[in-house]
Amino acid sequence: DAKTTQPPSMDCAEGRAANLPCNHSTISGNEYVYWYRQIHSQGPQYIIHGLKNNETNEMASLIITEDRKSSTLILPHATLRDTAVYYCIVRAGNNRKLIWGLGTSLAVNP
Amino acid sequence: GAVVSQHPSWVICKSGTSVKIECRSLDFQATTMFWYRQFPKQSLMLMATSNEGSKATYEQGVEKDKFLINHASLTLSTLTVTSAHPEDSSFYICSAEEGQGLKTQYFGPGTRLLVL
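Protein sequences appear in the order of chains A and B. So for the first sequence, this note's numbering puts the first residue at 1; every next one is plus one. So for the second sequence, this note's numbering puts the first residue at 1001; every next one is plus one.
What the hints contain is simulated information worked out from the structure, not anything from laboratory work. It is possible that some hints are incorrect.
[Unchecked claim] Pairs of lysine-lysine, PhoX-like flavour, derived with a Cα cap of 20 Å:
id	chain 1	residue 1	chain 2	residue 2
1	A	97	B	1064
2	A	52	B	1103
3	B	1103	A	97
4	B	1014	B	1066
5	A	97	A	3
[As the list claims (entries may be wrong)] Beta-carbon label-pair distances, calculated as ranges:
id	chain 1	residue 1	chain 2	residue 2	range
6	B	1082	A	15	42 to 52 Å
7	A	65	B	1066	42 to 52 Å
8	A	67	B	1010	40 to 50 Å
9	A	11	B	1085	31 to 41 Å
10	B	1009	A	11	27 to 37 Å
11	A	40	B	1003	42 to 52 Å
12	A	40	B	1018	27 to 37 Å
13	A	42	B	1017	21 to 31 Å
14	A	69	B	1082	22 to 32 Å
15	B	1072	A	15	39 to 49 Å
16	A	66	B	1085	50 to 60 Å
All C-beta atoms in this analysis are idealised placements derived from N, C-alpha and C, irrespective of residue type, glycine included.
Build the full structure now, drawing on both the sequences and the hints.
Written out as structure tokens, the structure reads:
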């Protein structure tokens, strides 16, 4: 699976949009982009995934560039409870293993 | 939907004892579950893939005789840490696959193990 690169940390003001970038320049055509987050001392929480098209659910939006080499997770109105480590993971559809990097530690400030 | 539970949430045991951790998919059936370990300030490391009705597949470097995995039903997988030692102290997390075709992993809340 392709490797991903994320900034180690980001800050965001409460109520503002949090835009978390992920670089996956070696992604293959059959690989999906997954986002999870892990709040301190808890198991990871699934957020969203996509292949080519932009995706939106009740938690977030996922914007994938046309060349698929990067993506952005958008939390439209960040709250203090969104403070967590956010992981961007690329996996092929037939590969069930998730390879975890160090993610981006997002701090939402009041 | 797609809720995964773990029990216990934390456990303290003496060195040399065995500890069993349960992972359950509460509202779906999971033929495949995964066990991870996470040390402080590190990322998740996959230990093994648990398949219902068959033997688990362990990642390189993980001792299968020390970390016994049983996946006896479509909603339950167990991880037993045998003869636990202080270096086994860690955060153990399970996940279960859900969905048709492209499956998504949903994670349990984790079990914190402290071996004295």
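Against the structure, the hints come out as follows:
1. A:97 / B:1064: Holds. Residue 97 of chain A to residue 1064 of chain B sits at ~18 Å (cutoff 20 Å).
2. A:52 / B:1103: Between residue 52 of chain A and residue 1103 of chain B the Cα gap is close to 17 Å, so the pair holds against 20 Å.
3. B:1103 / A:97: 11 Å, holds
4. B:1014 / B:1066: 16 Å, holds
5. A:97 / A:3: Roughly 13 Å between the alpha carbons, so the hint for residue 97 of chain A and residue 3 of chain A holds.
6. B:1082 / A:15: 42 to 52 Å: 50 Å, holds
7. A:65 / B:1066: 42 to 52 Å: 44 Å, holds
8. A:67 / B:1010: 40 to 50 Å: 45 Å, holds
9. A:11 / B:1085: 31 to 41 Å: 40 Å, holds
10. B:1009 / A:11: 27 to 37 Å: The hint (27 to 37 Å, Cβ to Cβ) holds, given that residue 1009 of chain B and residue 11 of chain A are roughly 30 Å apart.
11. A:40 / B:1003: 42 to 52 Å: Violated - the Cβ-Cβ distance for residue 40 of chain A and residue 1003 of chain B, about 20 Å, lies outside 42 to 52 Å.
12. A:40 / B:1018: 27 to 37 Å: Since residue 40 of chain A and residue 1018 of chain B have Cβ atoms about 28 Å apart, the given range 27 to 37 Å holds.
13. A:42 / B:1017: 21 to 31 Å: 26 Å, holds
14. A:69 / B:1082: 22 to 32 Å: At 45 Å between Cβs, range violated.
15. B:1072 / A:15: 39 to 49 Å: 48 Å, holds
16. A:66 / B:1085: 50 to 60 Å: At 52 Å between Cβs, range holds.
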